[in-house]
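Mind assembling these two chains? They're in different frames, but the hints should get you there.
So the protein sequences, as listed, match chains L and D.
Under my numbering, the letters of the first sequence match residues 1 to 364, in that order.
Under my numbering, the letters of the second sequence match residues 1001 to 1321, in that order.
Treat the hints with caution; some may be incorrect.
Unchecked claim - Covered stretches of chain L (chain D as the covering partner; in silico rule of three or more C-beta atoms under 8 Å from a C-beta of chain D): (1) 137 to 145; (2) 343 to 353.
Unchecked claim - Residues on chain D that point at chain L, a partial pick, calculated with CB under 7 Å: (3) 1096; (4) 1100; (5) 1143; (6) 1301.
Treat the hints as calculated values from the structure; they're not laboratory data.
Here a beta-carbon is modelled for each residue, glycine too, at the ideal position from N, C-alpha and C.
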Amino acid sequence: MDRMPNWADAVLVPLISLLLAAILSAGVILAIGESPVDAFSLMVEGALMRSAGWGYTLYYATNFIFTGLAVSVAFHARLFNIGGEGQAMLGGLGVALVCLYIPWPHWSLAIVAGAVGAALFGALWALVPAYLQAKRGSHIVITTIMFNFIAAALLNYVLVNLLRPVGAMDPATARFPDAVHLPTFQDMFSTAATPLFRGAPANVSFFLALLACGLVWLLIWRTRLGYEIRAFGHSDSAARYAGISPVRITVVTMLISGGLAGMMAVNTTMGEAERLVMNATEGAGFIGIAVALMGRNHPIGVLLAAILFGFLYQGGAELALWTNIPRELIVVIQALVILFTGALDNMVRMPLERAFLAGRKRRA
Amino acid sequence: MDFLTLLQVLDSTVRLATPLLLACLAGLFSERAGIFDIGLEGKMLASAFFAAATAALTGSVWLGLLAGIASSMVLSAIHGLASITFRGNQLISGVAINFLAAGMTVLIAQDWFAQGGRTPSLMVGGRFEDITLPLAETLAPVPIIGPIYAELISGHSILVYVAFLCVPATWWVLFRTRFGLRLRAVGEAPEAVDTAGVSVIGLRFAAVGICGLLCGLAGAYLATGLQAGFVKDMTAGRGYIALAALIFAKWRPWYALWACLLFGLLQAVALRYQNIDLGGIVIPVQFMDALPYILTVVILAGFVGKAIPPRAGGEPYVKER
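Next up, chain D with everything else stripped away, as it sits in the complex (with noise of 0.2 Å):
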């Protein structure tokens, strides 16, 4: 393999690594608050489709994110209220969230664009457009280096700066300030925030809602930078991916990044080459795609480190009279 081929192939890392690092943070926010959310998947899907949706029908591709963020923030909204206010299992409403995304969407696409569940193919202006960074030009010819900042590093669109900021973000907001600590806290010990005087009910729905947002930006980047427009079930699995990211990174910031971008490098890789030939040995394409599942199975499995979730994950929290 050269080296323009390796660096094509880190690009197409970086693209697709894009949407799962999005939604693995916006897991690790809604986990680390002890609100277990599998229905990434599904306010992805949502987000894709109301991004695409609104920016071909106005043209603006800004008027998309808006919509793709809304819709995703609303499915995090019943998320909240069943398993917040209500008490219910987080998991079926997660199910439950998934499915109603994957039908709503061909519905509404099928009302609005009759067009088989896709929304028309998005023209400039609705779509995010790839960013020169300053210099890429002039920097390319240096040997090295020069490629890879203008190959690598720039021409991407803007979500995909904004995901990667997302990760020192995350982890400034989580671990260096009164709200994450907080946050933190009420996925480890409710009790001991309620007691302290501070809202769980309160915590827990400001972290479902950045949950949607950063799921918004995932979903709005999918249909609106990494595709142009939405077909049916366009996340393809993409929200368990990140899930699976997410334990993999043992719920910390910084090792999403590593976890995403392994999963993007691996789905790069099945989608440019498609059996590879090891020398006699031939690896399947179907064994590169299962390959984020695997080794997520192997992960939890405890036989690579053990990833131990927040204590207080997925249990409803009861005041006690």
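Bound conformation, chain L alone (with noise of 0.2 Å):
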């Protein structure tokens, strides 16, 4: 055995790269004048200490653990969906026409076909792409890339040009009848004594985003189809030769995959803004790479992961409204948690296998 223990591929070496990206983090903002730990105690207290602060949390959290789904469901099969941006964008347009044009008698219906319609656009815009791939070999990074350029382009026009109320100025559709308004965290759980949530957008599409986790998890790991897809994300010969079809598992694999990212828009559209903007994404998608990255490909991964950069996301909200620290703050720690977790994985992992083999050898 020349490999390190489980539980140190797992924990240890996403907490080592973990450590790296925050201590660059803080020499950053040390960098730029700041205070780090006056920053991260304002975090903190901005978006832990108060139920209002976990209401955004848990909301950006929400849309993460969406997109850090699609990202992880897509590196099982070693696919690499950078598209969820473009695909959470067309899946706030199904969102957006289910809510619109049926009239739902209440929300518990509508959030079920808000669901299902935004997963159908967002798998949709992902099966070009995989088509694509598994067809005609053409490199799904790139086609996606241009799919999230596409699909941006697409919303602007169906936004400026068919959804658009008349007479209204901004790019966006109406209003969503109040009868499709989901329930918020401060609906649920305030009492007239103890009001929680106030004001916090987190709403009831939370436990949407913890299903899909419970169902990602049955699917790779509980299933036939979960067992095809690792199988030909391990190797695609040797699945090829068990009579796995490549381009079944491509696009079933990437179908999926866009669902995931398209359902993102639940929590968006029709949780939060409760009409289609045109910004509603926000780069959720691409923050599920880093989430995916992060968590191993694993749901309870990503669902901590999700968290985490839910906290970020809205620290740094708190860190730009009271600091001289702009927001793209979460923008660099996102690309050194990408970069630390993802691309110098090898960086942290070699020491660390070397250092575990060594022990070993002397306890032999």
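Spelled out as structure tokens, the structure:
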């Protein structure tokens, strides 16, 4: 055995990578003349010490769970789906059409239909890159990037020319009817005596995201399809000899991935804005990459990483509000996390592996 | 459309194609050596900021250019470290670099200038001025050729001419020098290069370094030539369009020139005309914006000839033991 134990691979490596990213981020904060300790405590104060802060943290986390799961499902088949952003945009369109054109009696029906609409549109947007990868061998990374731009242009066109209410100036749809208003955490958990989550956008779609985590876990580790996806990811030639069709796995995996990314729109469009706006995704599709990498493509890891990024997002907003640190700090932290947990993984892993092997040799 | 309008559209095509061309050639060097680079965007952005910031602080556009190139090469070094030394995933590293540049430029801009993530507008001396080529004035009255020479060929900043000269230079380096042969070989069959006793790692770092240099030129041109200063996210997807052009060009320098001119033309037309009315059918401006990406997908799908990337592209090289 020349490998390190599983726990070190699953926990220790990401933790060290995260620590490196944190140290560098602290260095960046120092360099722009602020105190990292103050900044961190302000972030904790704003994001975790009040229920409203948690309400925002979990709202963002809901987005990142969906996009993180989307990226990780694709990763299991060794496909890199950078198109989460575009798929989520199209998902928003699906939600908007469902909410605007069908009169729903109750939100519980609307959220199911909205989720289906979002997943359908998101999956549809992933279908073309998936098909091109499977049948024509065009690189899925490039095509999904291209589809992000095409999605932005398409959404722009649809919002400006087709769905914008008459007389409105900003490119957005009309407000959704009140019947599809999703209960927020405030509606659900507040009582007159103890107001909780006041004004925070976290809503019932968070539970939808938790459900998605569970279903993805079942899919990947407890179904035949999940086994085929993982087998294909490990070795496509072995999978082909075992009678697994690469075309089918590529397309199906990308449909699931796109659907998950699209479902993010239930949270942003139905849960928060209650209409479809131009930039509803706010880069969450890309954060999914960081979340999936940090969560080691496991739903529980994705959940934890998504909450961490939700905290960073909400904390970053607090920082921008109270200090001179712009929100872009979060983009830098996100970049460092992707760099250390993704691209520079071996930098942490190699010395650690060597240390473990040396330790084992001494004991033997 | 009259002749003068046509000239103006072509003139802005040349201006808009320049950053695409530089970034596209940058990607060409990197990918020919087997290193995928989707971080062109980030490198251009970083260079645009540091070029504009340095030019604003020192008043010298040449120092700005140097700073831009240096910043772009630092990011290249990170990409090289991650994808060559530590054999990480090149695509993930590229994504990280794009975000790093997007965040850091605004963060530093806010810290240095406190103008909401932009640099102050550059004055004379802080920008690359347009150069009037010799005889442009005297030839201008000559019909057809005169205006073409005076309007289209003359009157661009130095970096535009550098970019266009980079095309034959790239061709010469890649296809007529020993270094170029080895660089292409390392992208196709690194094990063969290694067997011949040439360093795969050294060649790939050289390619990534050239890529950083060219991206630096592209970014500096954006902020100090095309526009007068840096604004947040000013590359606006140009790195990805350059990547699209690279595939469109099937990783060849001369084709890259035509692909970049085509995409530059699309941008110029979209910029000049909003919605294009073709006798009843109106082409919305959004379609023009999306056209480079749609074209790339069509090319990738292999409907217009197959684009075959360098064979060892994206694969880290592991020496056999």
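Against the structure, the hints:
Remark: the stretch 137 to 145 of chain L is confirmed as covered by chain D, as 7 of its residues place a Cβ nearer than 8 Å to a Cβ of that chain, reaching the required three. Coverage of the stretch 343 to 353 of chain L by chain D holds in this model, with 6 residues showing a Cβ closer than 8 Å to a Cβ of that chain against a need of three. The interface hint given for residue 1096 (chain D) is met, as the beta carbon of that residue sits about 4 Å from the closest beta carbon of chain L, less than 7 Å. A cut of 7 Å between beta carbons decides the hint on residue 1100 (chain D): the least distance to chain L is about 4 Å, and the hint holds.
The restraint placing residue 1143 (chain D) at the interface with chain L is violated, with a minimum CB-CB distance near 40 Å, outside the 7 Å limit. For residue 1301 (chain D), the interface hint holds, since its Cβ comes within 7 Å of a Cβ in chain L; the closest pair sits about 5 Å apart.
In summary, the structure is inconsistent with hint 5 from the numbered list given earlier, while agreeing with all the others.
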